[in-house]
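These protein sequence lines are chains A and B, in that order. Start counting the first sequence at 393; every next residue gets the next number (our numbering). Start counting the second sequence at 2; every next residue gets the next number (our numbering).
Honestly, the hints are just simulated from the structure, not real lab data. Please read all numbers here as calculations on a predicted model, not as lab measurements. Be careful, since some hints might not be right.
Residues of chain A placed beyond 12 Å of chain B at every Cβ, according to the derived structure [stated by the list, open to error]: (1) Pro448; (2) Pro453; (3) Gly505; (4) Ala528; (5) Leu542; (6) Leu545; (7) Ile589; (8) Ile590; (9) Pro659; (10) Leu667; (11) Arg701; (12) Ser705; (13) Gln730.
Quick partial rundown of chain B residues pointing at chain A, CB under 8 Å, derived from the structure [stated by the list, open to error]: (14) Gln115; (15) Ala120; (16) Glu134; (17) Ile144; (18) Leu148; (19) Lys151; (20) Ala207; (21) Val211; (22) Met238; (23) Pro239; (24) Phe242; (25) Lys263.
Built from N, CA and C at the ideal position, the CB exists for glycine as well.
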Amino acid sequence: MTTTVEPQAPHTAAEQFAMRQQSPLQRIQQVLHSHPSISPLLVLILSCIVFTIINPRFAQPNTIGIILQQVSVIAALAIGQTLVILTAGIDLSVGAIAILSTLIMANLAANNGVPGFLALLIGIAAGVVAGAINGALVTRLKLPPFIVTLGTLSIFTAIALLYSGGQQVGRRQMPSILTWAGTPILIGPFRITTGVIIVAILALIMAFILSQSSWGRHVYAVGNDAEASRLVGIRVDRVLFSVYTVAGLLYGITAWVQIGRSGTASPNAIVDANLDSITAVVIGGTSLFGGRGAIIGTILGALIVGVFRIGLSLAGVDDQWRVFATGLLVIVAVSIDQWIRNVKA
Amino acid sequence: MTTPRTSQLSENEKGTVGLGAPPVLADTSETVLSGRGLIKTFGRVVGLDGVDVDLFPGEVLSVIGDNGAGKSTLIKALTGALTPDAGHVYLDGKEVQFRTPQDARGAGIETVYQTLAVAPALDISANMFLGRERRRSGPLGSIFRMLDKKGMKEDAGKSMANLGIATVQNMGQAVETLSGGQRQAVAVARAATFATKFVVLDEPTAALGVKETGQVLNLIQQIKARGLPVILISHNMPNVFEVSDRIHIARLGGCAGVITPKSHTPTEAVAIMTGATTLQKG
Numbered sequence: 393m394t395t396t397v398e399p400q401a402p403h404t405a406a407e408q409f410a411m412r413q414q415s416p417l418q419r420i421q422q423v424l425h426s427h428p429s430i431s432p433l434l435v436l437i438l439s440c441i442v443f444t445i446i447n448p449r450f451a452q453p454n455t456i457g458i459i460l461q462q463v464s465v466i467a468a469l470a471i472g473q474t475l476v477i478l479t480a481g482i483d484l485s486v487g488a489i490a491i492l493s494t495l496i497m498a499n500l501a502a503n504n505g506v507p508g509f510l511a512l513l514i515g516i517a518a519g520v521v522a523g524a525i526n527g528a529l530v531t532r533l534k535l536p537p538f539i540v541t542l543g544t545l546s547i548f549t550a551i552a553l554l555y556s557g558g559q560q561v562g563r564r565q566m567p568s569i570l571t572w573a574g575t576p577i578l579i580g581p582f583r584i585t586t587g588v589i590i591v592a593i594l595a596l597i598m599a600f601i602l603s604q605s606s607w608g609r610h611v612y613a614v615g616n617d618a619e620a621s622r623l624v625g626i627r628v629d630r631v632l633f634s635v636y637t638v639a640g641l642l643y644g645i646t647a648w649v650q651i652g653r654s655g656t657a658s659p660n661a662i663v664d665a666n667l668d669s670i671t672a673v674v675i676g677g678t679s680l681f682g683g684r685g686a687i688i689g690t691i692l693g694a695l696i697v698g699v700f701r702i703g704l705s706l707a708g709v710d711d712q713w714r715v716f717a718t719g720l721l722v723i724v725a726v727s728i729d730q731w732i733r734n735v736k737a
Numbered sequence: 002m003t004t005p006r007t008s009q010l011s012e013n014e015k016g017t018v019g020l021g022a023p024p025v026l027a028d029t030s031e032t033v034l035s036g037r038g039l040i041k042t043f044g045r046v047v048g049l050d051g052v053d054v055d056l057f058p059g060e061v062l063s064v065i066g067d068n069g070a071g072k073s074t075l076i077k078a079l080t081g082a083l084t085p086d087a088g089h090v091y092l093d094g095k096e097v098q099f100r101t102p103q104d105a106r107g108a109g110i111e112t113v114y115q116t117l118a119v120a121p122a123l124d125i126s127a128n129m130f131l132g133r134e135r136r137r138s139g140p141l142g143s144i145f146r147m148l149d150k151k152g153m154k155e156d157a158g159k160s161m162a163n164l165g166i167a168t169v170q171n172m173g174q175a176v177e178t179l180s181g182g183q184r185q186a187v188a189v190a191r192a193a194t195f196a197t198k199f200v201v202l203d204e205p206t207a208a209l210g211v212k213e214t215g216q217v218l219n220l221i222q223q224i225k226a227r228g229l230p231v232i233l234i235s236h237n238m239p240n241v242f243e244v245s246d247r248i249h250i251a252r253l254g255g256c257a258g259v260i261t262p263k264s265h266t267p268t269e270a271v272a273i274m275t276g277a278t279t280l281q282k283g
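Whenever a hint applies, use it, and build me the whole structure from the sequences.
Encoded structure:
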């Protein structure tokens with residue numbers, strides 16, 4: 393047996409190369425690598441400063457309250473989307489599941505005389521079942537998540553339309569518990585709604601579970617390297633199934649927030665939710681390749697989109713520039729993700 | 002592969018080399034692991050053709066053989082990744098039947114795969130404890146299910162230090178920032194930490210360079226020094242002859258013999274492996 397003794401000094405050329413001074417850019421790359429939420433945070437702060445300089449009304453508490461309310465639904469959906477994307481999947485049925493849940497809650501309460509609280513629970517349960525169906529298709533039939541959720545996007549949308557007859561349910565027809573999430577509350581100078589609080593609590597709970605529990609760790613591991621996870625004894629299928637099911641639960645709760653926000657349950661609401669939620673996740677620094685990202689980033693990503701919407705409209709710019717800027721942000725965010733994934737030791 | 006061959010290869014005109022291991026099989030109460038008459042077929046293809054194998058306490062047993070000789074099938078049959086069609090597996094003298102790799106793992110057998118089975122974005126400590134995370138004590142762990150991140154980090158550091166892996170200090174470092182050899186060191190350290198019976202290393206150096214291979218061979222010696230037997234599957238003759246106590250030569254689904262680095266040369270081992278020569282029966 394040859395015992396390899398580590399050479400003390402002088403260092404080899406390669407070792408000297410390894411110990412070389414790093415350029416500032418490389419150091420930024422390393423910092424971003426270990427804290428991926430820094431870049432969306434910087435973008436958020438910078439855009440807030442710029443929009444305030446353009447139009448000082450932007451910094452008013454009133455505006456901030458409106459941004460938070462506008463962002464709440466997409467942010468909540470994006471939390472579920474983050475879970476799915478962390479496992480290297482994607483969920484295109486987000487919006488469809490949320491709409492299905494809103495229509496089930498609203499119709500049960502308005503047309504079938506089901507007590508409000510029970511209607512709410514059944515609506516949320518429908519979201520859980522829909523998520524579980526996605527999870528079962530991904531794990532049992534071993535289909536790519538993109539295909540599964542592309543299919544269930546159509547299926548759930550069709551079910552929602554068939555069930556509701558394409559009719560929306562108005563505020564007057566619904567019991568107060570279903571519209572409770574729209575209750576305005578004042579926190580200091582900020583005028584927000586109970587829905588915003590619900591979403592904030594959801595974000596905190598999921599962030600805690602992802603970073604502190606072994607389930608959270610397994611979600612990252614599965615997205616990172618499913619085969620390695622299987623080899624160390626993680627039940628990959630079980631983790632994936634649970635992720636889609638929990639995502640469904642989150643979409644179901646979001647349905648409640650959505651009814652509160654719009655005051656109605658409409659089959660035509662949140663039609664852009666699929667892409668908007670993915671946009672928020674990606675801008676927030678979560679990698680589409682799985683295994684990397686965090687809830688805090690997603691919330692920042694959703695806020696960035698909301699800030700751009702209000703900021704550009706206050707700046708008197710055509711709304712299409714907001715769409716333009718969002719597209720640009722997505723591409724920049726994914727480029728940054730690619731760049732920091734190539735970090736060297 | 003369709004002609005059945007067993008370890009009793011017929012003496013033929015190709016000539017023979019020195020004595021192999023004693024033909025009498027060891028008493029299974031003396032071995033850590035024994036396989037007896039293991040058979041595994043895949044349709045008409047014979048994977049294992051009545052193989053016997055023994056692993057003694059504190060030894061490094063290498064399994065060598067050409068592609069398709071049945072090395073991996075043998076190891077999979079011993080560690081639950083495959084269920085043999087017939088035959089018996091004894092662990093510490095007691096017959097066991099592993100249906101899944103988890104069963105074997107539960108019995109104290111850890112396997113390291115050549116594919117560097119680590120999650121790159123997770124840190125070293127997370128990878129060490131992946132799949133068997135520890136929770137905090139008290140209500141934080143039992144009610145809030147919080148991980149004992151600090152304790153796991155400390156223990157991961159101790160495990161690495163015990164195995165003499167000094168090049169990696171920070172257990173919070175993401176595994177993807179490590180070199181291939183260091184990543185494999187994490188996987189080997191994980192196996193050595195949690196194994197109570199023995200460690201299986203399946204081509205652990207196949208993806209590694211020369212220096213990194215040396216580090217892994219060092220680790221094998223460290224594990225052996227701690228009293229854990231090791232089964233090493235490898236193609237690399239110099240490596241095998243450097244670390245092994247005994248060498249099990251797989252050939253055509255059977256066993257062409259068991260030799261030691263002292264009784265035979267690498268060239269002879271290759272000759273037996275390829276069938277150019279056969280072992281003289283004692």
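Taking the hints in turn, this is what the structure says about them:
With 12 Å as the threshold on Cβ separation, the claim that Pro448 (chain A) sits away from chain B holds: the shortest Cβ distance comes to roughly 42 Å. Separation of Pro453 (chain A) from chain B is adequate, the least Cβ-Cβ distance of about 34 Å exceeding the 12 Å criterion. Every Cβ of chain B is farther than 12 Å from the Cβ of Gly505 (chain A); the closest lies at roughly 39 Å, confirming the non-interface assignment. Separation of Ala528 (chain A) from chain B is adequate, the least Cβ-Cβ distance of about 22 Å exceeding the 12 Å criterion.
Non-interface call for Leu542 (chain A) relative to chain B: holds, since the shortest CB-CB distance, roughly 27 Å, exceeds 12 Å. Listed as outside the interface, Leu545 (chain A) is consistent with that label: its C-beta sits roughly 29 Å from the nearest C-beta of chain B, beyond the 12 Å cut-off. The claim that Ile589 (chain A) is not at the interface with chain B holds, since no C-beta of that chain comes within 12 Å of its own (minimum 21 Å). The non-interface label for Ile590 (chain A) is consistent with chain B: the shortest C-beta to C-beta separation is roughly 21 Å, beyond 12 Å.
Against chain B, the non-interface label of Pro659 (chain A) holds: every CB pair exceeds 12 Å, the least being about 39 Å. For Leu667 (chain A), the shortest C-beta to C-beta distance to chain B comes to about 26 Å, beyond the 12 Å cut-off, and the non-interface label holds. No beta-carbon of chain B comes within 12 Å of the beta-carbon of Arg701 (chain A); the shortest separation is about 32 Å. At roughly 38 Å, the least C-beta separation between Ser705 (chain A) and chain B is larger than 12 Å, which holds for a residue marked as non-interface.
Every C-beta of chain B lies more than 12 Å from that of Gln730 (chain A), the closest at about 14 Å, which supports listing it as non-interface. Hint on Gln115 (chain B) is violated. Least Cβ distance to chain A is approximately 11 Å, over the 8 Å limit. Taking 8 Å as the C-beta cut-off, the interface hint given for Ala120 (chain B) holds, the closest approach to chain A being about 4 Å. A least Cβ separation of about 4 Å between Glu134 (chain B) and chain A falls short of the 8 Å threshold, and the interface hint therefore holds.
With its C-beta approaching chain A no nearer than about 12 Å, Ile144 (chain B) sits outside the 8 Å limit, and its interface hint is violated. Taking 8 Å as the C-beta cut-off, the interface hint given for Leu148 (chain B) holds, the closest approach to chain A being about 6 Å. Hint status for Lys151 (chain B) relative to chain A: violated, with the closest Cβ pair at about 12 Å, above 8 Å. The beta carbon of Ala207 (chain B) is not positioned within 8 Å of any beta carbon in chain A (closest approach about 16 Å), and the interface hint is therefore violated.
This hint is violated: Val211 (chain B) has a C-beta 10 Å from the nearest C-beta of chain A, more than the 8 Å allowed. For Met238 (chain B), the interface hint is violated, since its Cβ never comes within 8 Å of a Cβ in chain A; the closest pair sits about 16 Å apart. For the restraint placing Pro239 (chain B) at the interface with chain A, the shortest Cβ-Cβ distance is roughly 11 Å, beyond the 8 Å limit, so the hint is violated. Hint status for Phe242 (chain B): violated, given a least beta-carbon distance of 11 Å to chain A, over 8 Å.
Proximity of Lys263 (chain B) to chain A is violated relative to the hint, the smallest CB-CB distance being about 14 Å (cut-off 8 Å).
Comparing the model with each earlier hint shows violations of hints 14, 17, 19, 20, 21, 22, 23, 24 and 25; every other hint is respected.
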